[in-house]
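Engineer: The lines below spell out each chain.
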Amino acid sequence: MTHYAIIGTGVAAIGAAEAIRGADNAGEISIIGEDPFSYYSRPGLAYYLTGELDENLLFPYQKEDYQKLRARFHRASVRRILPDEKAVELDSSARLPYDRLLIATGAQAIALKIPGVGLNGVHKLDHLSDARTLLANAKRGRTALVTGGGITALELAEGLAARGVKVYYVMRSERYWPNVLDEIESRIIENLLAREGIHLYHKNEIIEILGKNGKVVGVRLADGRNLRADLFAYAIGIAPRIDLAQEAGITCERGIWVDEFMHTNQPDIFSAGDVAQVYDPASGKHVLDSLWAPAREQGRVAGLNMAGQPAAYQKPAAFNVTRLAGLTTTIIGAVGGGRDDDLEGIARGDSETWRQLPDAIVAQGGFEVNRLRLMIGKQHILGAIVMGDQKLSSPLQTIVRDHVDISSIRAALLARNAPIADILAEFWAKHHRLQILQTLEKN
Amino acid sequence: MLKHLFQKELSHRTSLVQGQVVPDSTRCVQCGICSFNCPVEIDVRRHAWRGEPVQHSRCLTCGECVARCPRGVLTFERTNLFTGSEK
Chain A
5 MTHYAIIGTG VAAIGAAEAI RGADNAGEIS IIGEDPFSYY SRPGLAYYLT GELDENLLFP
65 YQKEDYQKLR ARFHRASVRR ILPDEKAVEL DSSARLPYDR LLIATGAQAI ALKIPGVGLN
125 GVHKLDHLSD ARTLLANAKR GRTALVTGGG ITALELAEGL AARGVKVYYV MRSERYWPNV
185 LDEIESRIIE NLLAREGIHL YHKNEIIEIL GKNGKVVGVR LADGRNLRAD LFAYAIGIAP
245 RIDLAQEAGI TCERGIWVDE FMHTNQPDIF SAGDVAQVYD PASGKHVLDS LWAPAREQGR
305 VAGLNMAGQP AAYQKPAAFN VTRLAGLTTT IIGAVGGGRD DDLEGIARGD SETWRQLPDA
365 IVAQGGFEVN RLRLMIGKQH ILGAIVMGDQ KLSSPLQTIV RDHVDISSIR AALLARNAPI
425 ADILAEFWAK HHRLQILQTL EKN
Chain B
18 MLKHLFQKEL SHRTSLVQGQ VVPDSTRCVQ CGICSFNCPV EIDVRRHAWR GEPVQHSRCL
78 TCGECVARCP RGVLTFERTN LFTGSEK
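For the protein sequence lines, the chains are A and B, in the order given.
One gets the working numbering by counting positions in the first sequence from 1 and adding 4 to each.
One gets the working numbering by counting positions in the second sequence from 1 and adding 17 to each.
Think of the hints as simulated: they come from the structure by calculation, not from any bench.
Ideal Cβ positions, reconstructed from N, Cα and C, are used throughout, including at glycine.
All the given hints hold, so there is nothing to weed out.
Which chain B residues face chain A? A few, computed with CB under 10 Å, are given here:
no.: 1; residue: 45
no.: 2; residue: 49
no.: 3; residue: 60
no.: 4; residue: 63
Model the full structure from these sequences, guided by the hints.
Structural biologist: Shown next, in the form of structure tokens:
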């Protein structure tokens with residue numbers, strides 16, 4: 005009987021355990037984690053903060069799901085991995101032997117290093133316990149200062165605002181998320197945030213958190229100003245938790261290096277999820293992919309390989325879905341960053357008819373703002389941002405991922421004031437119909 | 018009164034035949050807002066995890082889960098794609 009050990013209790017760990025159990029009915033699965041809440045939806049914390057979700061709903065797995073896994077859970081932290089002895093040593097000094105090991109330790113919030121960070125009232129959003137502490141402190145009428153770029157900082161700001169806290173959001177950049185969003189998209193988000201009552205400070209930085217009697221009372225900005233605040237929350241990025249792997253002599257860079265089979269450089273040791281730096285055959289590089297769906301898939305692939313069923317991880321085209329200031333936003337492929345003369349970007353707002361197409365599938369509606377931006381290469385669409393109405397999001401995901409040839413509509417898309425969404429919707433309907441016919445013919 | 022009840026049931030069945038809630042698992046983060054907002058307590062999230070349409074006898078096809086999902090995971094799709102008229 006094979007003994008599988010999994011370090012971590014996140015979605016990569018659960019994905020792996022499900023795959024192992026599916027492939028090996030008899031094996032013994034041990035899942036080791038220090039998080040007292042075990043497996044829950046980490047991205048769901050954003051909606052727990054806004055009050056859209058009760059805490060008990062954050063847990064996707066019910067008793068029967070755990071029973072089906074037939075895994076043994078160890079509430080413990082791992083002190084070290086001993087690859088030569090094929091065992092992990094727990095904080096209790098107990099040793100747990102393994103035949104195959106998965107390291108799915110995830111990533112953690114990067115700590116801010118400025119004076120005052122140890123004061124009571126300074127918050128990050130790493131775990132459910134962080135969200136609980138923050139909510140306990142987020143009393144109506146208080147003032148909060150939030151800093152950081154990207155999605156988590158925005159989630160903190162919106163969560164606090166939804167709880168009646170007056171929020172000041174300080175960012176280093178001149179506009180929100182400039183390496184992904186274009187200027188208009190940033191302004192759309194910022195206008196919506198302002199309506200939620202969130203005050204923005206651009207091109208500024210917090211250099212010190214001010215305290216009195218051990219509690220936050222304000223911050224000092226880089227421009228010399230002081231702002232009064234009752235609490236301070238930050239999200240300045242995440243770092244893969246690679247310490248255990250590094251100490252065990254496993255090759256790491258920013259994350260734990262794994263091949264397409266999620267195998268590390270050590271025999272019988274695998275890694276998946278936010279901690280893994282996965283080989284991407286398309287670019288020939290090892291990349292981090294700190295998102296929920298890839299973590300689950302990596303876990304699944306790792307689990308299959310651990311159970312002796314070879315499977316390769318196919319890194320998908322970059323794809324992320326989020327909600328920014330109430331707008332569902334899908335980011336597909338290459339959309340921002342440096343300038344590329346081979347790329348032509350076009351964007352359209354709300355002045356089109358495509359959202360009323362009678363044959364379109366009915367998705368979320370009622371967004372105040374809808375926007376579509378495409379990055380068009382010579383024959384393909386290389387990236388897209390869909391904000392608001394998501395009808396074209398799934399077709400675009402396929403078009404970008406499968407490198408669907410769009411030569412037939414390229415000129416039309418690039419024409420001045422072209423109704424790009426209408427053109428795309430029509431193209432997709434034809435393409436989709438053709439594919440169904442081809443499938444039927446094959447069968 | 019009885020006739021009205023039957024009609025209501027019929028229209029419910031018709032809507033179930035014509036449409037169903039379909040998840041896109043690649044977008045889902047298992048937050049549970051869909052299950053939380055389902056008026057008849059269907060665990061929609063579980064369907065999303067498995068990538069299966071919500072073919073549940075109690076589903077009212079009210080669209081609450083579709084509207085509330087913050088990530089556009091759920092769509093309400095017609096099931097009669099091959100038999101329905103092209104409108």
